[in-house]
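Take the sequence shown: its position 6, counted from the start at 1, is 7 in this note's numbering, and no numbers get skipped.
Rather than coming from a laboratory, the hints here were simulated on the basis of the structure. Treat the hints with care, as some may be off.
To be verified - Here are the simulated lysine-lysine pairs, BS3-like style, with alpha carbons at most 30 Å apart: (1) Lys291 / Lys424; (2) Lys430 / Lys370; (3) Lys334 / Lys424; (4) Lys334 / Lys370; (5) Lys291 / Lys427; (6) Lys321 / Lys381; (7) Lys291 / Lys430; (8) Lys135 / Lys45; (9) Lys427 / Lys379; (10) Lys302 / Lys321.
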Amino acid sequence: MIEKENYEILWEQTFLPELEKTVSSIAFETYIKQLKPVDIKGEKIVLSTVSKLFADTVSDKAIGSKIREALLKCNTYVTDYSVVVASDREDYLKQLGEEERERMDIPGSPINPKFTFESFVVGSSNEFIYAAAKAVAENPGDAYNPLFIYGGTGLGKTHILMAIANHLKVHNPALNVLYVTCEHFTNQMVESLSKGKLTPADFRRKYRNVDVLLIDDVQFLARKQSTQTEFFNTFNELVAQNKQIVLTSDRPPKEIELLEDRLRTRFEGGLLADVQSPDLETRIAILRRKSEEQKCVVDIKVLTYIAEMNDCDIRTLIGKLTKVVFASKLHEKPITIDLVNDALKESAGERQEELQAEDIINCVCNFYKISKNDMLGKRKNKEFVLPRQVSMYLILDMMTLPQVTVGNIFGRDHATVIYARDKIDKQMKTDTKLSIEINDIKKMLLKQ
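Working from the sequences, and respecting the hints, build out all of it.
Pasting the structure below:
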């Protein structure tokens, strides 16, 4: 004889007798008796039925309130129920497996395994951020919820988000941790509304069943009304369950234009942490760490020389070091200050006076064979959007114009400029064709 499971014993010996007393005889004979217990999840007993109509009927308010009333009278740890459409427990478990596979097929944004707390260079400008992020990683949901990290581009916000994810993966692998960019979140929400492969139910299940949600560049929620509403509901659901939320932005909540007040107040309800530009000592330490990662020995005087070229953007600073290391290996020469100057002599900083934004725009227009009016206009056709974003990327990469100024040139706000730059920068890493096109445009500009 097969031994019965705990949920079956509870259902047959405890719940059914009480239900027979609580609901009407017609409801009991028609609906309740044909339900089969298949699982217990927390405080809920899971009941199966082969008919969706039966499942909906048993789940509606009229019968549902009676079932819950009966469960409470039994004085067990089970106080609620759910109904699934399944023929038996085996069918139910099979469906669970398929749902889990579907959930896994809706991935978050990729996490760089090299972005850890150990590889994060701590200095006076970011020690507060480091301490707060480490506390969240060690006790998610208990400390600083939400944690809102803001600061300029290239200062390590993404690194610290991924460090939290990597720490939890190692030290608390049972937790469901999801890292996404705001763009990824928005795109998946739009896909769910368009009734594609990802349904609204899939979307909500994915984002509201996580233990730790990490969202990068949350400033891009601005102006997206439907996305803000969905994110607001997701935020509330997770906080109510004491789940951890960490957000990054290029500015504090109060400066995010067209952000709903209800979201702004929730962002400000946790810990706001500002990432400052690194001081000279921290910049030198970062360059030393990066040179070691590239297995290249660089004299401290040379590192200091490079560090003094840039006082704010770590990403640009590392880019300069990468160019220098590449030049050293290419020409088989040691890294000296003279080599640094030679390697960077055609960098944006030394050509900014002769190179104009209009030169870049005209060059991109000629390359992609579109008119300047289409480049600067509002049309969102793919053949115009990509060249427009490439132009913004190149202006920021090859010149030192402020983002606001670049935005004014294109009739956009600086958030749009940041988005375009980051999107092209990310796409170039995987899209060889685009990378070649941008390098060709740069060569054309440098020969002018």
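Query raised in the report: Regarding the pair Lys291 and Lys427, is the alpha-carbon distance no greater than 30 Å?
Result: Measuring from Cα to Cα gives roughly 20 Å; hence the hint holds.
Query raised in the report: Does the alpha-carbon distance linking Lys334 and Lys370 stay inside the 30 Å limit?
Result: violated, 41 Å
Report task. Mind checking the alpha carbons of Lys135 and Lys45 for me, to see if they're no more than 30 Å apart? Result -> violated, 35 Å
Query raised in the report: Are Lys291 and Lys430 close enough, with their CA atoms no more than 30 Å apart?
Result: Measuring from Cα to Cα gives roughly 19 Å; hence the hint holds.
Report task. Decide if the proposed pair is consistent with the structure: Lys302 and Lys321, CA atoms, cutoff 30 Å inclusive. Result -> With a Cα-Cα distance of about 15 Å, the restraint between Lys302 and Lys321 holds, given a limit of 30 Å.
**Report entry** Agreement of Lys430 and Lys370 with the hint, judged by alpha carbon distance not exceeding 30 Å
**Finding:** holds, 24 Å
**Report entry** Given pair status - Lys379, Lys427, alpha carbons within 30 Å
**Finding:** holds, 24 Å
Query raised in the report: Between Lys291 and Lys424, is the straight-line Cα distance small enough, at 30 Å or below?
Result: OK: Lys291 and Lys424 at ~24 Å, within 30 Å.
**Report entry** Given hint Lys424 paired with Lys334 - CA-CA distance at most 30 Å
**Finding:** violated, 35 Å
Query raised in the report: Taking only the CA atoms, is the gap from Lys321 to Lys381 under or equal to 30 Å?
Result: Judged against 30 Å, a Cα distance of about 34 Å means the pair is violated.
Violated hints for the displayed structure, listed by number in ascending order: 3, 4, 6 and 8.
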